[in-house]
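There are 2 protein chains.
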Amino acid sequence: MTQSSPGTILISTDEASLPAWVGVFERLAPDRRVVTGRSADHDGDIEYAVVWSQSPGLLIGLPNLKAVFSIGAGVDHVLADESLPDVPVVRVVADDLTNRMGEFVVWQVLDQFRQGPAYRDLQRQATWKWLPQTAADAVTVGIMGLGVLGQDAARKLAMIGFKLAGWSRTAKSVEGVATYAGEDGLGPFLGASDIVVVLLPLTPATSGILNYELFEKFRRSTMPSGPVLINAGRGGLQVETDIIRALDEGLLGSASLDVFETEPLPAESPLWRHPKVTVTPHAGGNSEPEALVPLMIAQMEDHDRGRPLRNLVDRAAGY
Amino acid sequence: MTQSSPGTILISTDEASLPAWVGVFERLAPDRRVVTGRSADHDGDIEYAVVWSQSPGLLIGLPNLKAVFSIGAGVDHVLADESLPDVPVVRVVADDLTNRMGEFVVWQVLDQFRQGPAYRDLQRQATWKWLPQTAADAVTVGIMGLGVLGQDAARKLAMIGFKLAGWSRTAKSVEGVATYAGEDGLGPFLGASDIVVVLLPLTPATSGILNYELFEKFRRSTMPSGPVLINAGRGGLQVETDIIRALDEGLLGSASLDVFETEPLPAESPLWRHPKVTVTPHAGGNSEPEALVPLMIAQMEDHDRGRPLRNLVDRAAGY
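So the protein sequences, as listed, match chains A and B.
All you need for this note's numbering is the position in the first sequence, starting with 1, plus 662.
All you need for this note's numbering is the position in the second sequence, starting with 1, plus 662.
Chain A on its own, in the form it takes in the complex (with noise of 0.2 Å):
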């Protein structure tokens, strides 16, 4: 490695994909070598990772990493790494991503609020038959998780017409949102909502958190089937019998889940027959490495001239 040549980029993310992410780091930062995986050779030459559930230890002494960028949103499967090195991990933000959530749970949204899988049961009984609608002002979406994910979602289905509830770990303030923060504030939160989008981080602390106990708190007044859970967070978060025996039970009235305890979903699941559940293969937004890996070739830009890197992971928060 000579004093001007740029640092080796190693990338390690799930195999169908990981062509397309070298292809674009090659095309687009020709200066850089590109590596997926570890050797003696290039090892001392690696100064960033680009990474999606890496394999544990895949990072342990290389002596000049700079920093570990995640592919995706949540940085879960980055930090489940105990060996992780102690260098600083960036989680993505860009525009592209955001909108394809957004987009995603608007659509979710929508289809439970206007009773999508109703209408669709008709249809195959070739049956014409009005069901209720309410009014979007008058159902509250709740968002558990206010991060750039949270606040588009709740931008743009405000725009629809709902009232929006939030709730996070610690008390934000969101234009046109009633914000709740904290253990103290999730049965109120829950008491208000009508359907429930989670897109909150997987950490210790949210591990699990969408089980039986919270869905006794739902709100059950306002959809004519009861309240709606849309799970596009993480499967960890979600305990997934207690989810089919509330939805068997009437706690919940239907679900959107797109993330899983597994993944992918094992064939076997009772989610993938269960009439009250709409299922999709972690679709939410797709990280798509043209509209991200400009973004992480700025910030490698920067941080090599010394300057700042941006969204960085508070590693004790999990987030």
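Wrong hints could be hidden among the right ones.
Identical chains blur together in the list; that is why a pair holds if it fits in one copy or across any two.
[As the list claims (entries may be wrong)] Simulated pairs of lysine to any residue, SDA-like, Cα-Cα distance not exceeding 25 Å:
hint	residue 1	residue 2
1	K938	L793
2	K791	A945
3	K728	H704
4	K879	P866
Treat the hints as calculated values from the structure; they're not laboratory data.
Using the hints provided, position chain B relative to the given structure of chain A.
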């Protein structure tokens, strides 16, 4: 009838919703008599008619009829009565109805754009598979009909991130929308649109406009499954045999239809069972008496005081 008593209201709509309309009028205009049919006793007192698909002739020869209020944004059902007296016809322009229609359009656009039908097929097969996901700003939603409903839908879709095109009979300028007008503009408009949303009024000029020849002009580049048709206007706009042919030949990728040539859609219609068709039962935007009656009463009171009626129908244009 004394000088001071306000005029009687004649209400005519489908049997199922008639009691609700009568009830809300009686509650909100207690000084007015409300009748639901003709009678020599009260015909002379009727000043306003509030109708949905009235029986032809219902309104003939009412000596003091001042105006007809349509239940619903479209007025084709009112004008279809060739014996309709030559009095002003008032359409519904109400935020409540506009919002319901806008949210319906956003719902159906997102469901098609995010490949809802394909993901539901995958769920039925318990198959975990990502489908290609285009960015919203690479897709143009074209709106046919740029009245109050079309403009509201455009604003909401733009906020989600779509590019917008619009077509109307006469040239209009709408912020953020590439507009086209008249017969000459139709080809270029369709060539620029990936998803076509129809919110046109049904008039002699638009009857059957959604036909095979039109579908041949659709753009077919961006949506993975091909161009999408969403008709939330009137069933008389569409030629259903042509829609099926275009879907089967791949000219159209998929369709969301809320309105039909015959309503209720007959159980034997192949549309119910077509794998590329989403059927909803004219549920785009319900006309809710609670939301609309206050606006009608306000107009009646204004008119009684000599002020002009608003949202008048141009009977020559048919909308």
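Any hints from earlier that this structure breaks? Give me their numbers in increasing order, please. none
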